[in-house]
Amino acid sequence: MIGVKKINNKPMDLLERIYLWEIARGLSVTMRHFFRNLFNPKAMPTIQYPEEPIPLAGNAKFRTRHRLKVRADGSPKCVACFLCATACPAYCIKIEAAEYPDNPVEKYPASFEVDLSRCVMCGMCVEACPEDAIAMDTKEIPGGSLSRSGLMMDKNTLLRNLPGEPSTLGAANRLANGYRGVK
Amino acid sequence: MMEFFEANKGLLLFTGATAGKMAAFLGAVMGFTALMTLAERKVSSLMQDRVGPNRASVFGLAFNGLFHPVADGIKMIMKEDFVPGRAEKLLFTLAPFFALVPVLMLFAVIPFGDYVMVLGYRVDLQIADLPLGLFFVLALSGIAIYGVFLGGWASKNNFALLGAMRGAAQMVSYEVVIGLTLVGLLMIYGTAGLQDMVRSQGGLLFGFVPAWGVVYQPFAFVLFFTAAIAENKRAPFDLVEGESEIIGYFLEYSSMRFAAFMFTEFLEIVLLSMLIATLFFGGWQVPYLYEAGFTLPGGARLPLNHYAVSALQVGAFAVKTVFFSWFMLIVRWTLPRFRFDQMMGLCWKALLPLALLNIFITGAVLLALGKI
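Going down the list, the protein sequences come from chains A and B.
Residue 47 in my numbering sits at position 47 of the first sequence, and the numbers go up by one each step.
Residue 73 in my numbering sits at position 73 of the second sequence, and the numbers go up by one each step.
Since the hints were derived computationally from the structure, they do not count as laboratory data.
Here a beta-carbon is modelled for each residue, glycine too, at the ideal position from N, C-alpha and C.
Don't take each hint at face value.
Stated by the list, open to error - A few chain A residues that don't get close to chain B, going by computed Cβ distances all over 10 Å: (1) Asp-13; (2) Thr-46; (3) Gly-123.
What the hints assert, rightly or not - Covered, in the sense of this in silico footprint (three residues per stretch, anywhere, with C-beta under 8 Å from a C-beta of chain A), are these stretches of chain B: (4) 15–28; (5) 210–216.
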């Protein structure tokens, strides 16, 4: 059965045919919006992104800005295994590995850079990480920038969870996260 | 040398005063028009619950977008000034001038104030007090069609030519309505000089209503306003340009040539607002304000000196101009576009008979009152 939509094409009545009354009604709508927004600009839903952060719901399951998790002693959990850089489809992760002087087992990232201008926010790096060291759960949507360098996140930025604070999320389990130094 | 000054004193004073008036008035008009390009975007954005342009900044100060006209101007100058290979070079270059110059000339007949005494000399606040100012307006707005048509035709682009055809048809049609709506005003005021018209709107009707043109001719005001928007090629009659899809006569124009066409459109908004204020809303007249100061209908008086009165009158004219410019922006962003046949039908089947009817009724009333 074909659905039939009946359109009510009623002829315009006199008020509609002389336009002016309907135009005045339309103008009253637009003027109401104009004056409300003129005298109360805060009522507008516009967010001055990127200066103004977009608030996300607490339980929002978004992939947001990357962060590097740290152990309880403050060292990054990352062991510079390059699996995230290999998994990355956009080639936006650049790692330089270094060794702890007192620990021949593990490496650590001397520099860890994520190029946000290339990142596609796919989350493959998080999936690939064997140490659960990189995460995309900061609830912080990366903003725009007027320069390319403004979109490069270095290690210090990645270790930050909240502005100015080192990342402590996931550092609670001392046993799992403890730095296993060689005695 | 002194003999020369003494012999030509009147002429030199006239020249000096006119040059001063032109600098002041056209400077104000140009500045306001530049702001109108910003206001167009700001008003539309506020109506649509948006913020609008607010990013152009100087030293980090954006003033909510105040520098956008400057940024637009710089951008337009930096663009390539392209002339199509097959275009008629001379006419292609002349067309923006044909659009811009008549509009600028029309500001000469707009009375923006009564008069001020400067160093004992009387300076009329109107650049050229033509006795046939209204016909000057009609004649030059007729010339403005050449800018549209030459622009489209000289580009040697079929789409530009089609846009120019639409424009010529629309502007010629609505020119007729504009002319006929003004006949009623001519019958009432008995003069075609714009300054005289404003002066005769200074009285009171029934002792308390300002005797503005809109009180005598409300019908003509609606018709004139509609036809004026159509003459200005703005929405809901913007199918000359149809800037969102079909584009119009300035399709091949770029850089400052295009800016000239665009600036002309905004100048026309200001000009038409001034004309509407002059013809229908008492020009520089402030209700109950006379040369000696305020005299309210009850008899209360507030004497003011000459300069305060002049400043109030020029200010009132500015306020009226700003209001109608704003109203044109609101109308432009509220109403959807007419179809071409609807627009022509509106002109020839609705506005034109109504304008003729308005003349007939005005004449009949004037005859009944024994004014003619």
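Hints and how they fare:
1. Every Cβ of chain B is farther than 10 Å from the Cβ of Asp-13/A; the closest lies at roughly 17 Å, confirming the non-interface assignment.
2. Its closest Cβ contact with chain B, about 5 Å, brings Thr-46/A to no more than 10 Å, contrary to its assignment away from the interface.
3. Distance check on Gly-123/A: its Cβ is at least 32 Å (rounded) from any Cβ of chain B, clearing the 10 Å threshold; non-interface status holds.
4. A stretch counts as covered by a chain when three or more of its residues have a beta carbon under 8 Å from one of that chain; for the segment 15–28 of chain B and chain A the count is 0, and the coverage is violated.
5. Counting residues of the segment 210–216 of chain B whose CB lies closer than 8 Å to any CB of chain A gives 0, which falls below the minimum of 3, so the coverage claim is violated.
Checked against the numbered hints given earlier, this structure breaks hints 2, 4 and 5; the rest are met.
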